[in-house]
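So the sequence lines, in the order shown, correspond to chains D and L.
Using the numbering used here, the letters of the first sequence correspond one by one to residues 1 to 338.
Using the numbering used here, the letters of the second sequence correspond one by one to residues 1 to 338.
Incorrect hints may have been included.
To be verified - Pairs of lysine-lysine residues, derived as DSSO-like cross-links and limited to a Cα-Cα distance of at most 27 Å, are as follows:
no.	chain 1	residue 1	chain 2	residue 2
1	L	K2	D	K66
2	D	K196	D	K2
3	L	K45	D	K176
4	D	K322	L	K45
5	D	K45	L	K322
Stated by the list, open to error - Some chain L residues well away from chain D (every beta-carbon gap over 12 Å; in silico):
no.	residue
6	E27
7	Y150
8	A174
9	L182
10	H253
To be verified - Some chain L residues judged to face chain D by a derived CB distance under 10 Å, without partners named:
no.	residue
11	G4
12	L98
13	S299
14	G300
15	Q321
The hints are simulated quantities; they were obtained by calculation from the structure and are not laboratory data.
On a predicted model such as this, the values are computed, not experimentally measured, just so you know.
By construction, the Cβ of each residue, glycine as well, lies at the ideal position given by its N, Cα and C atoms.
In case you want the letters, here they are:
Number of protein chains: 2
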Amino acid sequence: MKNGFINLNSNIRILASASAVGKKEGEGPLGSLFDHIIADSFCGKASWEQAESCLQQTAFEAAVKKAGLRPGEAGCIFAGDLLANSAGSVYGAGEAGLPFFGVYGACSTAAETIILASALLTGGLAERCACVTSSHFCTAERQFRTPLEYGGQRAPTAQWTSTAAGAFILSARAEKTQNARLPRVVCATAGRIIDKGVTDTSNMGAAMAPAAFDTISRHLVSRGASPSDYDLIATGDLGFIGGEILLGLFAEHGVSLANYTDCGRLIYDRVGQDVHSGGSGCGCSASVLSAYILPKLISGEYRRVLFCPTGAMMSVTTSQQKQSIPGICYAVEIECGE
Amino acid sequence: MKNGFINLNSNIRILASASAVGKKEGEGPLGSLFDHIIADSFCGKASWEQAESCLQQTAFEAAVKKAGLRPGEAGCIFAGDLLANSAGSVYGAGEAGLPFFGVYGACSTAAETIILASALLTGGLAERCACVTSSHFCTAERQFRTPLEYGGQRAPTAQWTSTAAGAFILSARAEKTQNARLPRVVCATAGRIIDKGVTDTSNMGAAMAPAAFDTISRHLVSRGASPSDYDLIATGDLGFIGGEILLGLFAEHGVSLANYTDCGRLIYDRVGQDVHSGGSGCGCSASVLSAYILPKLISGEYRRVLFCPTGAMMSVTTSQQKQSIPGICYAVEIECGE
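Bound conformation, chain D alone:
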């Protein structure tokens, strides 16, 4: 591994994926693309935390079904979320009873799970792995910021944590599938903890953008690629403000980040849905990858995508102790060809 670059087995395919989202996400621009829209923020459960777990289970079961598998055939599960001690995953995907790897990369977790699952597949240690990640607006707000009942006014730089989960079934087998075109996970660059001293928990885009710059830069160098070699470079959770900072950092280095977007920009109507700087959360990038990006790879509209979720690695305790917010970003290169 040089500069965090990981060259994967050339035969790792995303056999199927699925998304489950909340009401607001269902009303957004991508609404018609998600597999499941669950209007009840509680998913019929006793708490929002249990609802988040329910989103994970819904996405996982849908992905398994799309892959034509029974849950037990998914091999093992890599899962993560934003909740303290990964509660969304432990009580969510964990309940499938499969071998379970809990992973934490804040909002970057979707990419971290895909990289680690791909590593297991590359090593021949598993034939299939599932990757499941989630976030929930209500669980995240009350954990990281204020109780929802408090009705605090949101800062203009704030992002809206998506109520969403995404699940992916990765396979290194020669699968029998009706879909001849399956996206391949080709290579990846692991994130590093990058801390530029941002302390505002209502401006996570600013905290994460330097990490995105670091990881995407390293990935492009390792690949000898330029941004225009990709049909899409999608960060996960920078939103509008963090995305502008990222473009500015590349511009300072004389690089135009062509074909750039951010999953947090895609998932909501910025003005109409009053989301300020856009979406964020493990489930934001995961559900957008599943519902929006992968279908465009499968249809041939995209051929090569760099998927780069970013994480703001703060906790309630470290925020209260006035520590700055370290960022991290993982880059996953996904192709789909003949």
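Chain D is already provided as a structure; the job is to place chain L on it using the hints.
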């Protein structure tokens, strides 16, 4: 992967390891074996959380030094701890600036990091990986139970979260080392989430023991081995009570779990140090593996060990919401021969 069993590359060696512990651990039966004893519970920092990060850094730097490497040569870091959102690791091992994979398996995290690092090495995706885990009595008590200032009386079933960190440098290279005998990570069994309905956060041994039974049973079946084939089967954090439950579960199935111990039993003098059911915490199993178990493998006293840290996967929120405590256990088989 069948039943979670993972057969690793036969050439993955633990090049070096190190431990850094607190005052109480330094006064315990293994005190003379730890690399660093830091008597100040704050490690000279402003908070216990920062002290925990300092323990990680101390252990990581010591392990790197023992391996004869510079920190950058450690490849990448897998790290985890008990704090919400992995704060001990983000601000701890994360600060080394290496590619970073955050992992969460509660007290089982040391084994989870070793398994995932070994998977990366087996896949040829890295030549070396560091695994770093920590726990801190003061950060864990105030997060999971009560503020220390409250002075609550501890239940007889309670365990003492160890103030400790352990770091391991894994390598798949042919390393030049003065020590011809390096322990090898041979194979492993991934944990599953097992929830038997225990809700008492002061009796985590009971919550975790069924997971240990599940994982160790699967590992023995996958290996076609019996307990006596191992010189040591060491769970991580069951302590005295959880350990007795585990032995009882095996006895119910007609199996005598020979050569069994628990890291939480080894690290303290149960009576003299007033630790009730024994030690626990990511750092407990990690520091005991580094300071006590690996040296016995290197010296030839042990030839084959099954290292099985266990995790209680609750969070403050799920405990407050009266959810039961799911357990998990990972088993790592370590050998050292000619």
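Do the hints match the structure? See the list:
no.: 1; hint: L/K2 / D/K66; verdict: holds, 22 Å
no.: 2; hint: D/K196 / D/K2; verdict: holds, 23 Å
no.: 3; hint: L/K45 / D/K176; verdict: violated, 57 Å
no.: 4; hint: D/K322 / L/K45; verdict: holds, 14 Å
no.: 5; hint: D/K45 / L/K322; verdict: holds, 14 Å
no.: 6; hint: E27; verdict: holds, 28 Å
no.: 7; hint: Y150; verdict: holds, 17 Å
no.: 8; hint: A174; verdict: holds, 17 Å
no.: 9; hint: L182; verdict: holds, 20 Å
no.: 10; hint: H253; verdict: holds, 19 Å
no.: 11; hint: G4; verdict: holds, 4 Å
no.: 12; hint: L98; verdict: holds, 7 Å
no.: 13; hint: S299; verdict: violated, 30 Å
no.: 14; hint: G300; verdict: violated, 29 Å
no.: 15; hint: Q321; verdict: holds, 5 Å
Checked against the numbered hints above, the structure breaks hints 3, 13, 14 and satisfies the rest.
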